[in-house]
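Engineer: In case you want the letters, here they are:
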Amino acid sequence: MSKLRTLEEAVAATPEGAVLMIGGFMGAGTPHRLMDELVRQGKKGLTVIANDTARPNVGIGILIDAKLVAKLVTSHIGTNPETQRQMIAGETQVELVPQGTLAERIRSGGFGLGGVLTPTGVGTTVDEGKQTIEIDGKTFLVEKPLKADFALINAKRADYYGNVDYALTARNFNPLMAMSAETVVVEAADIVPVGVIPPDVVVTPNVLVDYLIATENRHG
Amino acid sequence: MSKLRTLEEAVAATPEGAVLMIGGFMGAGTPHRLMDELVRQGKKGLTVIANDTARPNVGIGILIDAKLVAKLVTSHIGTNPETQRQMIAGETQVELVPQGTLAERIRSGGFGLGGVLTPTGVGTTVDEGKQTIEIDGKTFLVEKPLKADFALINAKRADYYGNVDYALTARNFNPLMAMSAETVVVEAADIVPVGVIPPDVVVTPNVLVDYLIATENRHG
Amino acid sequence: MDEKTLIAKRVALELKDGFLVNLGIGLPTMVAAHLPKDMNVFFQSENGLIGMSALPEQGFALGDLTDAGGAFIGALPGACAFDSATSFGLIRGGHLDVTVLGGLQVDQSGQLANWMVPGKMVPGMGGAMDLVSGAKQVIVAMQHTAKGKSKIVSKCTLPLTSVRRVDLIVTDLAVLQPSDEGLILKETAPGVSIDQVKAATDCELIIPSNVPEMQITA
Amino acid sequence: MDEKTLIAKRVALELKDGFLVNLGIGLPTMVAAHLPKDMNVFFQSENGLIGMSALPEQGFALGDLTDAGGAFIGALPGACAFDSATSFGLIRGGHLDVTVLGGLQVDQSGQLANWMVPGKMVPGMGGAMDLVSGAKQVIVAMQHTAKGKSKIVSKCTLPLTSVRRVDLIVTDLAVLQPSDEGLILKETAPGVSIDQVKAATDCELIIPSNVPEMQITA
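Those protein sequence lines, which keep their order, are chains A, B, C and D. Residues 1 to 220 (this note's numbering) make up the first sequence, in order. Residues 1001 to 1220 (this note's numbering) make up the second sequence, in order. Residues 2001 to 2218 (this note's numbering) make up the third sequence, in order. Residues 3001 to 3218 (this note's numbering) make up the fourth sequence, in order.
Calculated directly from the structure, the hints in this document are not laboratory data. Fair warning: there could be bad hints in the mix.
Simulated pairs of lysine-lysine, BS3-like, Cα-Cα distance not exceeding 25 Å [stated by the list, open to error]: (1) 130/A with 1144/B; (2) 3120/D with 71/A; (3) 147/A with 130/A; (4) 144/A with 1138/B; (5) 3136/D with 1147/B.
Okay, the calculated beta carbon distance ranges per label pair [claimed, not checked]: (6) 3063/D with 128/A: 34 to 40 Å; (7) 1189/B with 3184/D: 49 to 55 Å; (8) 3062/D with 16/A: 31 to 37 Å.
Quick caveat: nothing in here was measured; it's all calculated off a predicted structure. Every residue, glycine too, gets a C-beta built ideally from N, C-alpha and C.
So here's chain A without its partners, still in its complex pose (with noise of 0.2 Å):
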């Protein structure tokens, strides 16, 4: 069965609400056809999950000036003041987590691991409330593991059945994210035939993802 979507239906089966993974690092990795169209749809409320929130009107800060995110599970949001502005406003719930943890977790969320062991954060606000353990003489965060609804995964590349790579620093969040959400949505900057990616160069697993965004094909 194809897996291929158009823009319009994959984000229509997106409900109001959900908890979305975005892939992406201030941008550049970020599915923004997936973000314009979400925009477009209005699909308020939704938890995010995400490295940061980029700027305004630029990757996962469009979301962002459209009053679309409830919640946020991020490391960074510095470079994007409406984002700070909703929090102090207590428009959007931020949970500020380090960015080495929250790769860790989304992976432990996928991986079917209890969550993760980290040094990161210890003695520091970040361990608040937080269960720690000691392992031979050490102490570490009991960190818990992320899942989402949605992953919404940018590519260099998809095959007709989903296997997938991506381009260099365009990788960052999205193959951790594509394990560890009930269905996977990829925008590739290209589809091509089942074969042409070698499978030593396949990062994300066909089996994993649900939709691809369907490329314009511009001949013919």
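Following the hints, put chains B, C and D in place on chain A, whose structure we already have.
Structural biologist: Chains B, C and D in isolation, oriented as in the chain A frame:
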């Protein structure tokens, strides 16, 4: 500074009694020339962390045949009757670890994590003497990280900086082990000029690799 | 049809288009040969590949492309390779739709023992514990009895593979489904009576009023 | 030479051939420009690249190749890309030789605060907490004072980045090395006296009998 070493130099750097992680799965992805040289130099009392010991005269099995292994941390010895014999005779100490747990324990060692929280093994003989932790009503085993003095890695290609990629199912534990050992020794089928392996195709970053086993140059 | 082929054919009926499936070494491996030609099932080899196939032809082997038993395999178009942590992330994380495993014992509560016979066989659990803990569906494919003794018992005496209840047991005599109340006899093998199944089983079975015969094509 | 260039040049002296180095946004980024031409240092961008370089030329930018601030960068031959978990595995796992970070406060015990000013600035810690917890060497590169107040204090009043003691502090006035006993004044900036450093510092300093001047080439 060049990372190239002869087979003899690289193995000579491994002291008797060292803790070795060795890539491979039933021989596929095991660095065979390094195995032969360990036997030739008769490095005794080794601790070996590896998925399996393949079969007699195959893969890591040749270290077993040569009675070089004092301790073995592995997921499976069913295919090697000599390993079983040495274990029952008390010549080799064997710790059996579920394969997915072994992979994550190795990864966590190299990733600076305190261990692994896994549901695998809960309520079985594997959980004996281990700490468990309750997270959101589910029980997980706390499995400790593994580290090694040396990782012996089999690669498809390396460049002269030490960037590495792998071939098909010969990848298996190799990239995980390359993160988790003090000294990482790579036996690659080919060593290519820097820049030949595209950045998106590299699996093990160059900075992790200490020695590259020189390949034989047959022309010129 | 021999007993192993019967079991493989019956298990094959549980697989669906698009499924990610892991087949254990031995009998379970035979399942792949009995799928409908037009069904697209993805087979995962736990040593790090999705898209494995039988070796297409003599002489097409590659040492770097093997299954979990170390045997040469093929890779279909669209195959992908990954490391062991990712492989078991797929398994433990609930991405694997079905695992088909052999068994030494399954008990009334649906728990499986398949990795160790103390004092006799110490192969190690390999990937079995992760597979049984993590797969969405666990199917045990095995002979109903071994050396005249039932492998379906009231309580496993061998070390457990996992405390997780398996989803289906397919033997040469019957299809059994574990439930909160015990093992339900869902189907009998062709020509096998309910009494024969009960006689070959070392625990109580729940017998519904209608127990159909396995629908297996020759 | 302006103060930032001085700091960058002094930090550059700490880097060695073959090192894996992470440079924070802002002042720390300037360090890359002051390495000897024949030194081969690998710069990691925590968003997933080793081998980053300045953009080689106007017009050579790619949207999929950016630094942690979102600015376009280049990639040197031998660069490699990876996901965020691997990037922080390198950082947290002790594979990163040096991280150079800016600071808001460093205290007498060598602890750093650099991610938050309660009620004023809530940017989030980004990768800073992992970098300070995990790197083999943590170098803080910052102005000694801000708005007339010392950034070197007896006890951080701002939220800590990590409880780990940093390894070196390089400012426009001095090089300080945290130790069990407190901050040791290792070097003074060209033309700066020990008394000037003490006056600009809000805690006790340990003053060795010989405090050399930073050796910086123009």
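Engineer: Against each hint, give a clear statement of whether it holds in the structure.
Structural biologist: Checked hints:
1. Only pairs whose Cα atoms come within 25 Å are accepted, and residue 130/A paired with residue 1144/B is accepted, the gap being roughly 20 Å.
2. A C-alpha spacing of about 21 Å is found between residue 3120/D and residue 71/A, which places the hinted pair at or below 25 Å, so the restraint holds.
3. Among the hinted pairs, residue 147/A with residue 130/A is consistent with the structure: their alpha-carbon atoms are about 19 Å apart, no more than 25 Å.
4. Among the hinted pairs, residue 144/A with residue 1138/B is consistent with the structure: their alpha-carbon atoms are about 12 Å apart, no more than 25 Å.
5. For the given pair, residue 3136/D sits about 17 Å from residue 1147/B by alpha-carbon distance, which is consistent with the 25 Å threshold.
6. At roughly 38 Å, the beta carbons of residue 3063/D and residue 128/A sit within the given window of 34 to 40 Å.
7. A hinted range of 49 to 55 Å holds for the C-beta pair residue 1189/B and residue 3184/D, which are about 51 Å apart.
8. For the pair residue 3062/D and residue 16/A, the supplied restraint of 31 to 37 Å holds, since their beta-carbon distance comes to about 35 Å.
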